[in-house]
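First to last, the sequence lines map onto chains A and B.
In this text, residue positions in the first sequence follow this note's numbering: the first is 1, and each later residue adds one.
In this text, residue positions in the second sequence follow this note's numbering: the first is 1, and each later residue adds one.
Check before you lean on any hint, since a few could be wrong.
Said to hold, decoys possible - Subject to a maximum C-alpha distance of 20 Å in a straight line, what follows is the list of computed SDA-like cross-link-like pairs (lysine to any residue): (1) A:Lys-305 to B:Gln-108; (2) B:Lys-305 to A:Ile-272; (3) B:Lys-744 to B:Gly-896; (4) B:Lys-309 to A:Met-84.
Claimed, not checked - Reference listing, derived: stretches of chain A covered by chain B, where coverage requires no fewer than 3 residues with Cβ under 8 Å from a Cβ of chain B: (5) 76-84; (6) 254-261; (7) 525-535.
Read the hints as simulated data drawn from the structure, not as lab findings.
For every residue, glycine included, the Cβ atom is placed at its ideal position computed from N, Cα and C.
Protein chains: 2
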Amino acid sequence: MRRIARIFVIVVLTAIINVPTTQQCGYQSCNPVKEGMINVHLVPHTHDDVGWLKTVDQYFYGDKNYIQVAGVQYILDSVVQELMKDPNKRFIYVEIGFFSRWWKEQSQQMKLSVKKLVDEGRLEFILGGWSMDDEATTHYNAIIDEHTLGFQFLKDNFGECGRPRVAWQIDPFGHSREHASLFARMGFDGLFFGRLDYQDKAKRMNTKTMEMIWQGSPKNLGSQSDLFTGVLFNGYNPPKGFCFDVTCRDDPIMDDPNLHDYNVPQKVAEFINATRTQAESYATKHLIMTMGSDFNYQNANMWYKNLDKLIRYVNNEQKHGGNINLLYSTPSCYLYQLNKANLTWPTKQDDFFPYAHIPHGFWSGYFTSRPALKRYIMKEAMGVAQHHDAVSGTEKQAVADDYALRLFVGTNACQNIINDAYKLISPIDQSVPLPDQQFCNLLNISKCSITEENKHFTVTIYNPLARKVSHYISIPTTLKACTVTDPLGKVVTSQIVPISKETKRIPERKGSIGENNIVFQVLLPPLGYSTYFVRSTAVKDKNQETKQQYPTSNKDISMNNTYIAVTFDGATGNLKMIKNLQSGVSAQVDHHMQYYTSHFGNTTVPKFEGSGAYIFRPNQTAPFDFENLFQVQSNYLHGQLVQEVHQQFSPWVSMVTRLYNDAQYLETEWTVGPIPTQDGIGREVISKFCSDLKTEATFYTDANGREILQRKRNYRPTWDFNNSEPVAGNYFPVNSRIYLEDAKRDILLTVLTDRSQGGSSIQDGCMELMVHRRLVVDDNLGVGEALNETGADGQGLVVRGKHYLFLDTIDRSAQLHRDMALKLYMEPVLSFTNSQMKQSEWSKHFRTQWSALGAKIPQNVHILTLEHLSQQNSSDTSQQQILLRLEHIYEKGEGGQLSSPAKVELRDLLKGYEVLSATELTLGANLKKSDLHRLPWKSRTTNDENVLKFLPYNRNRFLNILKGRKILNKFSDDLTITLNPMEIKTFHISVKKKGNA
Amino acid sequence: MRRIARIFVIVVLTAIINVPTTQQCGYQSCNPVKEGMINVHLVPHTHDDVGWLKTVDQYFYGDKNYIQVAGVQYILDSVVQELMKDPNKRFIYVEIGFFSRWWKEQSQQMKLSVKKLVDEGRLEFILGGWSMDDEATTHYNAIIDEHTLGFQFLKDNFGECGRPRVAWQIDPFGHSREHASLFARMGFDGLFFGRLDYQDKAKRMNTKTMEMIWQGSPKNLGSQSDLFTGVLFNGYNPPKGFCFDVTCRDDPIMDDPNLHDYNVPQKVAEFINATRTQAESYATKHLIMTMGSDFNYQNANMWYKNLDKLIRYVNNEQKHGGNINLLYSTPSCYLYQLNKANLTWPTKQDDFFPYAHIPHGFWSGYFTSRPALKRYIMKEAMGVAQHHDAVSGTEKQAVADDYALRLFVGTNACQNIINDAYKLISPIDQSVPLPDQQFCNLLNISKCSITEENKHFTVTIYNPLARKVSHYISIPTTLKACTVTDPLGKVVTSQIVPISKETKRIPERKGSIGENNIVFQVLLPPLGYSTYFVRSTAVKDKNQETKQQYPTSNKDISMNNTYIAVTFDGATGNLKMIKNLQSGVSAQVDHHMQYYTSHFGNTTVPKFEGSGAYIFRPNQTAPFDFENLFQVQSNYLHGQLVQEVHQQFSPWVSMVTRLYNDAQYLETEWTVGPIPTQDGIGREVISKFCSDLKTEATFYTDANGREILQRKRNYRPTWDFNNSEPVAGNYFPVNSRIYLEDAKRDILLTVLTDRSQGGSSIQDGCMELMVHRRLVVDDNLGVGEALNETGADGQGLVVRGKHYLFLDTIDRSAQLHRDMALKLYMEPVLSFTNSQMKQSEWSKHFRTQWSALGAKIPQNVHILTLEHLSQQNSSDTSQQQILLRLEHIYEKGEGGQLSSPAKVELRDLLKGYEVLSATELTLGANLKKSDLHRLPWKSRTTNDENVLKFLPYNRNRFLNILKGRKILNKFSDDLTITLNPMEIKTFHISVKKKGNA
C-alpha cells in the first residue's frame, strides 16, 4: 500500500555493521581469462520466479512439487555448501524476496560463511530486486520501490560487496526503455536479458549486435540513462545437452573410460560446437553461457560436478591446439571483459515491445491478462507483485489468488497503521478517543457497509500527493437526503445519484443495501487529510436530486461544464463530439466497447498457439460490435455535480460516461463480465475511441508511467518488420496513457487508464485499450491453464474500470495528463467512522485537516518517496533519517514553462521539522551518488562527452568506495535542489523537530 | 563366469590397513533412546537397484533421467556431505556394487572422511552384498559369492566397522528360507524385509508377529541357521505424507508461523497418528521407520532438513505429555533395542513364497520371466546379475540387454584368463606354443564355427567340480565321418547325429554350416581338464551313424540302457512309462508341452492386473494342449550312444527326449518360440509331467539349489490360505529340482532344471515347470513394459532348455539329484583349437590331462569355493592365501550313508601344494568364525540350548574383536575338517608349493 507507506511506515531493517577486513568482491574477484582464446564464461545460476505455477511460499519451501519440482530453500542450502568447498566456483543470486527469507532462517555462523562468499565474489548478487519485475505492466514508482527494498537488504547485510553491478532481466517478455533508464540511474553497469523478437534476434545475430548501448532517455536524461545491454544466446538456459540439473534430462558427463556409457569425447565435441556457433553472433572473444534455468541447483553438486568435468575436458583440448577456454564466471565478470575489450558499441533508442518468439506468437495478451489483479497491484504496490509472472497475469489461477490474498493482508496491515497514524496526528486534546477509521475496499462497486448502514458518518480523505488535490467522491447510502459539511463546517454541494442496475448485478456487491451514492467534491491539502461530515436530513433537497431521462433518437444529448462540451447520440448514447471550451479545439470522437474472438491455435503445421495468458491472437482484424448482438440501451442522468450517460452494450458489457462539473476530462466507467465462454470461444474486450484526427499510423504510449514513446503501426525502428498479426503485433503496453496527435490541427486526444492495459491504434484516428479477456485454451508457454478467471459466484469475473478522456492542444495536454496520471496513481485514501459528532463538536477534539508539507513545491515536481530510514546513527536520537525522492514530472519541451528546470528548497519541506542535511544517492538508494563510477562505454552514435571519457577500471578507487561505505554519515550542506526534466533525485535527509534544538 | 574363477582368477583387492585409533561403530554407536516412550527409529536410506528401469551405468551416473530421476554418484556425494555436518545423523548404504564404484572416484581425503563416518557408526553398511539379490531365482553359490565380494570390499577398506550386522532384503518379491539360512551363517544378527503376502501380513499385524525367529535349516543346521527376521511396516517407504525426497511430492514441513502455508501442527499430528497405527502391530516399544525409497537422497539436505524439523517438533510434544520419541537410527540400532527387550519371539520354519500383494496378484511370473537371461546368469554368475531386478527378469528390455552384454564381456574376459591359465599349466616343453583356445557360446543350438569349419580339431574340457565327471558332449560339424581320440590316444566311441530341423530354424543359428553333431562321452578329472582329438576320416563307419525312423501308431517306441527303460507312444512320441532297471521301480509318466493364455487385467473394480514381468495370472485353470492346434509329429533317432524322440507340438514348440547309453536320467530338450502374440494374447508355456503317483497335493522344490522344501497345494503352513488363483497361487520357485513322492510305492519322480523356473503340482501326480512366457500387457508394478522379448530376427525370442527326469526309490533318488544338480550347475567348459596335431604329437608338447586336486575328497563333499586371496602378509611371498569353502551336499536322512558326517583332510588337497594352516571364517569370509558372537534370541518353539543361553551384549568382547581384526595372521593347525549334513565351512588356507620349503 505504497500510497500510505511514504509517511506512516517506518522501515526498520537491521544493519550488520561488522565488516570483514579483506574484501575481494567486484571485478577484481573474477577468475582469470586466457587472452587470445575464446573465453566461455560459465554462469551457474537459478531463475526463481517469485510465484508462477506455485505460490511464493510453495516455491520457497518446495511444497506442491507435483506441480513443479522447485524449492528455493534447498537451492540456497545446496549452492552455499558447494561454493564453500571450492574458491574457483561462482554463483549468482537474483531474487532478494527469496534470499531474505532464507537468510532469516540461517545461523549466525552460516551468515558469516555466506558473507565471506560474498566478500570474495564467489556468491554475487545480480539485479538485487525483491523480484525480477515485469517490464510491460509495472509502474516506475513500484519498480524503484521494489529494487530499493532489495538493495537495502543487501546493503544492510553485505555492505558494498552486496551491491549488484549488473541487471538481469532474463525472463520478462519484452523490455522497456524506461526500465533501462531507471536501471542506469540505479548504478548498474549493464543489463542482460533473454527474450527479444525472433526477427530482431535474427538480425542482431547476423550483424553481431546482440550487445549494445541502450539509450534509456535520449531526449531528457542523456548518457546518465545509457545502459550497456546484452541479449543472451540461449535465453537463460544452457546450450542444448548441457543442463545438469536434477530437473533436467540431459546426459551427465560419464568419464570412466571403463564404463560402457563413457561419453567424454562426444560431450566435448558437442560443447565446442555450441561455443563456435554462439561465437558467430557476438563481437568479442568472450561468451557468456547461462548454466542454469528455472529453480535449478536444488542439488548444486549435480551441476557443479558435471561443470567441473566439462571445464576440465574442454580445456584439456588446449593441449592439442584448442582455443576455447572455459571458466566459472558471473555476468559482471563477463561484462568487465566486454568493457576491457574497448570496442565501439551500437546503440538503440526504442524499446523491445512487443515480444514475439515465433510468427503469430505476440506476447501482447499479458499486457491485459487478469485486469482485476493489475488494478489491485497498481493500487497496492508490493515487491513480490511486480514479478514478471505476477502483475503480468501469467501465473496460475491459484497463484493469482495467493497474490491477491497477500495484497489484501498487506492492505489490512497498512490500514491498521493508518489508524495508528491518525491517532497520533489528529487529536487536539486527549479527552475523547479518536474513533477507529474503517475502510471500504469495494467503493468502486458502491459497497461500503459503514456508510450504507449509518445515517451519520465521517469521511476522512488522505492525499498522498505533495500538492493540493480536488476530488469527487461517491459513497453508497440508503439515505434519500443529507448534508455534507467540510472540515471548516461549511456545507458543500452534494448530489444523490441512484446506484445503477449494472452495479447492482455485480456478484461481489451481494449484501449491499445502498440504493444511492452521495457524490461531493473534496479539497485535500498536500500530504495530508481532510475530514468531511455526512448527516441524514429529513427533508429532501431538490437540488440534491439526480434527474433521469431516456433520450430519443432525434435529439442528441449535450453535456458541458466550464472546461468541455460533449455531445452524445440520443438513440444510442454514443459519444459523438468533444469540444475544449478553454482552448477552443474540438473533434469528432466516438467510443464503443467491442471484442475480438480468440484464436484456438492452429492444428496445421507449422503449429502456432492461440490466445492465452501471454499471447494475444485474435481471430479477426476488425473487432465485433456489440450492436450486432444486442441493441445498445442508453440512459441520461444529470444533477448539479455530475452528468452521466449509461449504456448497456450487451447483458455483460455496460458503460457510464460521466462529466463532473469541475473536471477537464470525461470519465468513462466500463463494466465487463462475465465474458461468456459457454460456446467454447474466448473473447477479448476492448474500449475503442475513434476520431477525425489525422494520425498517419502513429500513436503514443507511456513507458512505465514516465516518458512517452512514439509508436508506428506495422513498423519497428531497427529492423524491417514483417508482421504476421495485424492487431496483436501492433499492441503495446499502456501503463497510464495513450494518445493520438493531429499536429496540423494542434490537437491531442488522450486516454488515461487506471491500470496497465494493452493498447494500440489499428486504424488512423482510432485508439483501443483491451480491458478484459477470458480464454478457453492455454497458449502452451508453461502456465498450463487457460486464462479463465471466475468471480464470487463461480461465473466469469466481472471487472470494472475507468478511462479518462481529454481533448486539448498539444502543449496544454501535457499538463493535463502529467497531473492526472499522478492523481490516478496516488489516489486519495478514504476512511470512515460512524461517529454521531457534527463538525463543530469533532473539531474541538480532533484536527479536521492536516498537512505534512511545510513549504509549497513547484508544480512540476513530485515527491516520489518519503520514507523513514532505520536509525543508523544511534548517537543522536533527536534526528530522524529519511529517504526522499524528488521527481521532475515533465519531459523536455512538454507543457511550456513546466518543462523548465525546477528548484526545491529542502530546509522547510516537512512541517515542524528542519532538514539539516541531504546527501544525494543513486536511484536505488544504496550508494552515495558521488561514489558511483559506472563502467564507461564507447558507442557508435552518441556524442555525449561523458560517454567518450574512457576511464579504465581503477582498483584503488574501488577500494576507497569500500572504505567510504558509511556514506550516510557525511552530509551535504546544500539544501537547494535543482531538477531537470524527467530527473529523479534521491536523497538521504536528516531532519530534526523544530523547537527541539 | 564362476566356474572358472575358482582356480584361475586372482582376486586383487587393495587393502587399506591404516586403522584409526578410535572406533565407535556397532551397537554402541547408536543414538540414545528414551525408556518408557515409543521410540521411533528413523532410518534414512536409499534403495539403489543395480539395474531395473535403467542400466547400472545409467543409475550410477544419473543418465537417462527421463526414464527415472536416479543418480547414485549424487546420492553418495550428498549423503556424505550431510553426515559430516552433524554427528547425530545416520545413513545406511547397501549396494556395494555401486558404493565401490563411487569409492574409486574419491580423493584420499574424502576416503578418510568417509572412513571416519563409518568408524563412528554414522554411515553404516547394511547387507553389504554387491547387490540386493533376488531370493526366488538365485543359486546359493552365486548368493555366497556376491556377498563375499561385497564383504571383501568392505573389510579391505573399512575393517571391522565396515562389517554389516544386519541383512536388508527390502524389495525382493518373496523370501527364501535358504537365503535366511545363508545369512545366519554369514553372521548377520537379523534380517528385515518389506514384502510378504497380504494375508500373511494381515495376520501378523493382528497378532503382533511381524518380528520372529526364522529357522533357516531346522532339520540340518539348527540354531546356527536361525535368523531374527522383521517385516517392515511400510515396505521400505516412509509413512504416507513423509517422503521428503526430491523425487517425492509430499508437503515439506513449513515451520515459519508467519507464512500462509505453516503446517507444523498438521504434520506433527499426522506423524503421531502414523506412529500409533504402526505401534499396534509390533511387540516392543520400538518402531523402525524407513525414511527413504528408490534412489532417494540425491539431495540429502532435503530429507535431513525436514527430518530434523520432524524430530524437533514431534519430540517437542514430550513437554506436553507426549510419549513418542524420534531418533536417527539404523536397522542394527533398532535390532539391538529389540534384542535388549528380551522377549520370547515366535518362530517360522517355512518360507515366504509365493508373494501376493493383493488377490490375483501373485508374483510367481518372475520365477520364469526372461528364461534366456536366467540361463545365462546361472552359467555365468556375476554380482550385479543376482540383483532382484536382474535374474528375476523384471527389468526393462534395454536393461536386460545391458546385463547380457556385461555377462558377455565378463565371459570373454574369463575366456582370456582360461587361455592364459592353459598356457601356464599345459606346456611340457616350450618348443611349440600352445594354440589359442577358442570358445563356442552357442553350442546348445549347434553353432560353433571352429568345429564346423575344420576337419581336425581339439576339444579341451575343463571340469570345475572336485570329482571325476563323465559327460556327453555334442559338437556341430560338416563331417560325415570322424575319429575321436581320448587324452591317452585311445579312440572313443562317437556318433554322428543329424542336426534337427527345429535347431536349424533358430534365428540365432544363422550362418552355421554344420549338418551333424558329433556326440561322444568324455571322462574328466576333478578340478582339471582332458583334451580330446577329432579328426575327419574318409570312410564312413556304419556304427557311427544315427538311424532315423517314423514310428507308427500301433507300435510303441522303447528305449533303454543299463539303468532305465522308457516307453513312448508310437503315434505321438509321448512318454508313457519309465522303469528303473536297477531298483526295479516303475511308473506311468507322460510329458507334454502346454500353455496358459495370460489375463489382461480386469477393467472392473476392484482392478487387478494381468500377467506381467512379475505377476503370473493365467486365464484358465487347465492349460491348453498343443494338440488342439497342431498334430504332434514325432520322429525316433537311435545310434550307439544316444537315442532321441523328436516331437513337434506346434510350429513354435518342439521337444527332444534323449537317452544316453550311460545315463541314469532321461534328458528332454525343449525349444519354445517365437511365442505368437499377433492375436493380442500373451502365452505362458509349461512343460508338464504326469504320473500315476499318489501325491496327496504334495510336492517338493529346492530352495536356491540347496535344501528341499515340502509344498502343499492351496495351503500355507502359517495361515488359513484363501487362494484366489488356483494356478499362480500354487507356483513356487524351482532353482534346480522339483519332485513328486509316492511314499507307499517308495518312488520319487524328479525333474532337474538347467535354470530357475516357476513350478507346481496343480493335480496330484503331476508337476509342471514354466519354461517361457511372452506377454502383451504390463502388470503396472513399475517396469512399464510388457514382457515381450525378441530375438535376432526381431521376432519373439526362441528359448531352448533342458529338463532331466529320473525315477527311483526315495533313498537312491537323493544321490541322483544331488550329484546331477552339481553337474548341471558346474557344467564342464569346452574350448577348441583347430590344431592339426594328432594326440601322439600334441601329448609330446602339452599335457592332455591335468587335475588340481591332490587328494580324493568324499563323495558327499563339494568344493564350493577355491579362490586366491590378495597377499595380505607380504613378508612371506612363498606362501599363497586361498579362500576355500567345503560343502556337505546331503541333507540329514538323505541317500543313506551319504548323509553321514564327512571328513576332509586338507593338507594335500591341492596337487603340488602343502596346506600349512586353515582358519575357519564365517560364510561371508569377513570374520574369523571364533570371533563371531551373534546376538542371542529367545524363541517360543526352539529347544536348542544355544539359543537359550542369553548372552547380553558385551562391549569389551566387541573391542577385542576389533583389536583382533587381522584375523588372517593367526591360523589353526587342525587340518582335518568334519562336515555335517548341509554344512558349508569357509576357510582361509595358507599353502606353499611342495619342494619349495
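Status of each hint after checking the structure:
This hinted pair checks out: Lys-305 (chain A) and Gln-108 (chain B) have alpha carbons roughly 18 Å apart, not beyond 20 Å. At most 20 Å may separate the alpha-carbon atoms for a hinted pair to count; Lys-305 (chain B) and Ile-272 (chain A) exceed this at roughly 39 Å. The straight-line distance between the Cα atoms of Lys-744 (chain B) and Gly-896 (chain B) is roughly 19 Å, inside the 20 Å bound, and the hint therefore holds. Of the pairs offered as hints, the one joining Lys-309 (chain B) and Met-84 (chain A) is violated, with about 24 Å between alpha carbons and a cut-off of 20 Å exceeded.
Using a Cβ-Cβ cut-off of 8 Å, 3 residues of the region 76-84 of chain A lie near chain B, which meets the minimum of three, so the contact claim holds. Judged by the Cβ-Cβ criterion of 8 Å, the region 254-261 of chain A is covered by chain B as claimed, because 5 of its residues qualify and three suffice. Counting residues of the region 525-535 of chain A whose beta carbon lies closer than 8 Å to any beta carbon of chain B gives 0, which falls short of the minimum of three for the stated coverage.
Checked against the numbered hints given earlier, this structure breaks hints 2, 4, 7; the rest are met.
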